[in-house]
Amino acid sequence: MSSFFLGVPAASELGLEPWGGTQQPGLAACSARAFSVIYSLRGCPYLAVKEIQLDGLGQHGVDAIRTRLTALLDLSHPGVFRHHQVVEDEGFIYIVMNRHDRTLEQVFIDCKRRKTPVSPELVLSILRQLAAALAYLHSVSGVGADGRPYQGLVHRDLRPANIFISADGERFVIADFGLCRNTLWSESTIAGTAVYMAPEALLRNETSPASDVWSLGVILYEMTTLRRLDFLGGKEPAEVFVDGWRPDLSDVVDDLARSVLERMLVLDSAERLTARELVRLLRILNISADGQEARSTRLKVIYSVSPRLVC
1 MSSFFLGVPA ASELGLEPWG GTQQPGLAAC SARAFSVIYS LRGCPYLAVK
51 EIQLDGLGQH GVDAIRTRLT ALLDLSHPGV FRHHQVVEDE GFIYIVMNRH
101 DRTLEQVFID CKRRKTPVSP ELVLSILRQL AAALAYLHSV SGVGADGRPY
151 QGLVHRDLRP ANIFISADGE RFVIADFGLC RNTLWSESTI AGTAVYMAPE
201 ALLRNETSPA SDVWSLGVIL YEMTTLRRLD FLGGKEPAEV FVDGWRPDLS
251 DVVDDLARSV LERMLVLDSA ERLTARELVR LLRILNISAD GQEARSTRLK
301 VIYSVSPRLV C
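The UniProt record's numbering puts the first residue of the sequence shown at 1, with every later residue one more than the last.
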């Protein structure tokens, strides 16, 4: 048994209980053959433990998980899920992490059931927080468990189910980094949820920080319309994402949200806003629920002068 980080009991002494009375299966890091279960931690109501089975992954897969988890332990940002300790014990890895019981996906479901839109204030608050978290992830650097340096982390599966909410409902946190990878790594397995995946990921299995920005754009669309985008409509990605393609944003009634989406849902990944540029844009506009029409006009003026923000 080994621990990457000290501070809480070893795996055999953690006092694990199935979270909410039942085990919650999920997709583990590198392979659909692996699985994870989330447990509550007895005596620690603010912590949870994810158990990942390593059987069948092979040494390469296990090493990849170790490298990723080493990077996650070093992350420190209010918009990024906090991981406290990683323990490896007899074919399993246990991750001690903060506990959050509610996701953005559940917020969407509740709003749809009540036929109540997400308020503009909440939409903008969520967008700001997630953009800041992505900007942080895309800029971090360090050395993995294998000794290889990394520069920037790409989530690869950003979606509402992977965005957790604090108990007071004020903080939105990006989580589930099982499929997160170093931007320098190259993997042959497509990872992610199709509706939120960028064109380059669907077409060529290429991911980058720009792919996460696309996913955030899809989430923004869903927040403003309470509908999931379906660009493919049953077709193959190569049939849809062709030169000259533009998203149909006719259902987005908010001018400001539409203007931002036009710069996030761009076919050419090099032409998308970066997360850092999005953070800067939101800061410049000082967006609030009041005066959105004037600020939307200002956004268009800014981009008519400079399509890419100078940061």
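Because the hints were derived from the structure by calculation, they are not lab data.
None of the values given here were measured: they were computed from a predicted structure.
Where is the CB? At the ideal position from N, CA and C, for every residue including glycine.
Be careful, since some hints might not be right.
[What the hints assert, rightly or not] Below, simulated SDA-like cross-link-like pairs (lysine to any residue); rule was C-alpha separation at most 20 Å, straight line:
1) Lys112 to Val253
2) Lys112 to Arg228
3) Lys115 to Pro247
4) Lys235 to Asp248
5) Lys112 to Leu226
6) Lys112 to Leu122
7) Lys115 to Arg227
8) Lys115 to Arg280
9) Lys112 to Gly169
10) Lys112 to Glu222
11) Lys235 to Arg283
12) Lys235 to Trp245
13) Lys235 to Gly169
14) Lys112 to Pro160
15) Lys235 to Ala194
16) Lys235 to Pro247
17) Lys112 to Leu267
18) Lys112 to Pro247
19) Lys112 to Leu229
20) Lys235 to Leu267
21) Lys112 to Ile165
22) Lys112 to Arg227
23) Lys115 to Leu267
24) Lys115 to Trp245
25) Lys235 to Leu122
26) Lys115 to Lys235
[Claimed, not checked] Derived Cβ-Cβ restraints for the label pairs, each shown as a range:
27) Gly56 to Gly233: 34 to 42 Å
28) Lys115 to Ala238: 16 to 24 Å
29) Ser76 to Leu232: 34 to 42 Å
Checked hints:
no., hint, result
1, Lys112 to Val253, "holds (17 Å)"
2, Lys112 to Arg228, "holds (12 Å)"
3, Lys115 to Pro247, "violated (25 Å)"
4, Lys235 to Asp248, "holds (16 Å)"
5, Lys112 to Leu226, "holds (7 Å)"
6, Lys112 to Leu122, "holds (16 Å)"
7, Lys115 to Arg227, "holds (12 Å)"
8, Lys115 to Arg280, "violated (33 Å)"
9, Lys112 to Gly169, "holds (18 Å)"
10, Lys112 to Glu222, "holds (11 Å)"
11, Lys235 to Arg283, "violated (38 Å)"
12, Lys235 to Trp245, "holds (14 Å)"
13, Lys235 to Gly169, "violated (38 Å)"
14, Lys112 to Pro160, "holds (14 Å)"
15, Lys235 to Ala194, "holds (12 Å)"
16, Lys235 to Pro247, "holds (15 Å)"
17, Lys112 to Leu267, "violated (29 Å)"
18, Lys112 to Pro247, "violated (23 Å)"
19, Lys112 to Leu229, "holds (15 Å)"
20, Lys235 to Leu267, "holds (17 Å)"
21, Lys112 to Ile165, "holds (18 Å)"
22, Lys112 to Arg227, "holds (9 Å)"
23, Lys115 to Leu267, "violated (32 Å)"
24, Lys115 to Trp245, "violated (32 Å)"
25, Lys235 to Leu122, "violated (34 Å)"
26, Lys115 to Lys235, "violated (30 Å)"
27, Gly56 to Gly233: 34 to 42 Å, "holds (36 Å)"
28, Lys115 to Ala238: 16 to 24 Å, "violated (37 Å)"
29, Ser76 to Leu232: 34 to 42 Å, "holds (37 Å)"
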